[in-house]
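Just so you know, the protein sequences line up as chains A and B, in that order. Numbering (the working numbering) for the first sequence: 299 to 607. Numbering (the working numbering) for the second sequence: 409 to 849.
Do not take every clue at face value.
[Said to hold, decoys possible] Derived contacts from chain A toward chain B, CB cut-off under 10 Å, selection only:
#  : residue
1  : GLU351
2  : VAL354
3  : GLY355
4  : PRO370
5  : ARG407
6  : ARG411
7  : GLY412
8  : GLY416
9  : PHE437
10 : PHE460
11 : HIS461
12 : GLY548
13 : ALA552
14 : SER562
15 : TYR567
Keep in mind that the hints were calculated from the coordinates and are not lab data. In this text, a Cβ means the ideal position worked out from N, Cα and C, and glycines have one as well.
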Amino acid sequence: MAGPAEVTAGAKGEPQREWRPPSYWPFVLPALIVVLAVIIFPWAYTIWMSLHEWKVGSPTTFVGLANYIRLPGDARFVESVWHTLVYTALSVALPLLFGTLAAVVFHARFPMRGFLRGLFILPMMATPVAIALVWTMMFHPQLGILNYLLSLVGLPPQLWVFHPATVIPSLVMVETWQWTPLVMLIVLGGLAAIPSEPYESALIDGATRWQIFRYISLPLIMPFLFIAAMIRMIDAVKSFDIIFAITQGGPGSASETINLYLYSVAFVYYDVGYASAIVVVFFALIVALAGALLHLRQRTHWNDAGGAA
Amino acid sequence: MAHFGPTRRSLLQGTLASTALGLTGFPARAEPQWKKYAGTTIEANLIKGPRGELLQKYASEFTDLTGIKVESEVIPEQQQRQKAVIELTSGKPSFDVIHVSYHVQKRQFEKAGWLADLSAFMKDPNLTAPDLTVDDFSAGGLQFARNDKGEMHSLPWSVDYFILYWNKELFAKKGVALPKTFDEMAVAAEKLNDPANGIYGFTGRGLRNANMTLWTNFFLNYGGEFLDDKGNILTDGPEAIEATKMYQRLLTKTAPPGVAGFNWMESMASLTQGRAAMWIDGVGWAPPIEDPNASRVVGKIGYALVPAGPKGHYSAAYGDGIGVPQASTNKEAAYLYCQWAVSKTMGARLLQSGGGVPFRNSVLNDDAVRKGVKMPPEWLDSVIGSARISKLGLPVIVPVAEFRDLVGAAVTATLSGADPATELKKAHEQFRPILERSEKS
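Please model the complete structure; the sequences and the hints are all you need to start from.
In structure tokens form, the structure reads like this:
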């Protein structure tokens, strides 16, 4: 802080004192108040509620950690955690895979590339609830088009979202269809940023296409893939609209993720205290997943550096 | 639980009483002072569907009668229930009139004391038309609307019975007779079932939560009672297990694939596309079934009572009411609106359009009203027949939603082959502590 002032003082020969406010914190206040009001306060209040038996329409009582103790014994909650993890893992991995593939394809030059790229990213722009309704019709076991398409290639009809065993993969299919373009855009940016020299030398050395992708493109787009994975992970964990509109967590509770269960507890059962406890645990889970991903990223960087050295 | 609906005796008594009154020349009570609250504006919070939309459509008639302006908000069921509860809890609801789903909210609303007591208003000749009396409502309506102290905190508005829809053409093709019992029904469904041609014997709600309204028709007819004297839930007993086995048999052997995810909408689609021979659901679906733009089976559908079970013959009933929040500052004006909503004119319109069934005997038993019904006569017969054998379709407890979710999930699980007894037991282990907690608080 004092650095530039000293320089000017030195240049002019005699020290000149500018007026400075005694401290800068008043300037931080507006932002601080906003952060307190919209982030910290709701958080503190949620934790406060989670320590109470708080049912809409009845008086509240302080129960300490009872709501948290109830969680591990709640079969529906435990099941919903598994559903969330499976759903998230699949809907991160598949869009990453297909998105990278699509990016490699669209990175090459071919006629109508711009138009096709535009077409490809259309799903991303549609409203999830509208998409969900269209897919619900396509999934219909008797009247839906998906089973008709299967019948054309001689495959037996499937139950899609109407059977507990296939409901999560079917939902992931919708999620993948919608979010592959996002991954593609991010990876495409990464590919564009790679200089052309490594490719030229690889070609001269006689590398195959796969080798070029595996040893040049992939390591160089890794940071972009991590960002895409992070965005997808956060989106998938808190996914609600598509699942709610297509299955409402069914059949039975086979596609009930934490978010859907949370919604039921808070807004259908009006058990606000217990719902708050779920929110706190859910938040911890998201932070843990994001932390794990970041940690993984750090480690791969370190490995890269080690490999290079 | 008592039966309700007009019995022949009560009907006769009512007719005799009114004739006697006419003969003695007893002076008729004066009309209420409709215009006293002219200029007031009230807000009505209604559920989207034939009932809410009917009130909205004719609201100008109410304004002409009373000079009270109405702003009505019509929202889908789930969201309306959430909004109502959240606003009522806040103590300052934005509405003066609220559409209540008795089968879900009765106990919750009574425990919280959210609605104003209308008993005094109903006795005030300045506020209440002479034809609106407590005993004009059917027993079931009163069972829904009255609290433990016998006070009316809402007016019973419309009841929904479950009936059997059957495709006469498919029945005739296979030479099958209309089943009278659940056992006959399962046999008939198996005969009618023809998956190779995309035709199934039976369709119905399999989706968790939604399926409970269908399942209770099985449960009640297999002799089930929801609660014992001490308020313990009984829906995992032997009656429930037998009922679930029948439900499982019908929905796994003779229903369209994917039925575990069906709500009324998917089930109705199967029926109206001519792909299902039988369907059990609420009486309110006759209008779309008889609409040539939405249905391929116009004129081919028969309407009958839900089959009898080994231990009785009941139809599960679900009801709507309309009330005034305790916190409203326009209680009298809002009460006039509620009264208008359940009036003979509006009740007749509700019945005639097929959108619901009024709780008022004077509407149901009026020949002129019956003649105006646009649905097939069989439909009206099934409605009146169901009224005689109806029973409340859900337990009167606070955590109805949890009950429907947990037991509903167990019932859905049996559709992928799980054992009814095990699933029901598991669901009740989860549900009992929830019920105890809600009764304690």
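Structure-based check of each hint:
no. : hint   : verdict
1   : GLU351 : 7 Å, holds
2   : VAL354 : 5 Å, holds
3   : GLY355 : 4 Å, holds
4   : PRO370 : 14 Å, violated
5   : ARG407 : 45 Å, violated
6   : ARG411 : 41 Å, violated
7   : GLY412 : 41 Å, violated
8   : GLY416 : 35 Å, violated
9   : PHE437 : 8 Å, holds
10  : PHE460 : 3 Å, holds
11  : HIS461 : 7 Å, holds
12  : GLY548 : 5 Å, holds
13  : ALA552 : 9 Å, holds
14  : SER562 : 7 Å, holds
15  : TYR567 : 5 Å, holds
When held up to the earlier numbered hints, the structure conflicts with 4, 5, 6, 7 and 8 and fits the remainder.
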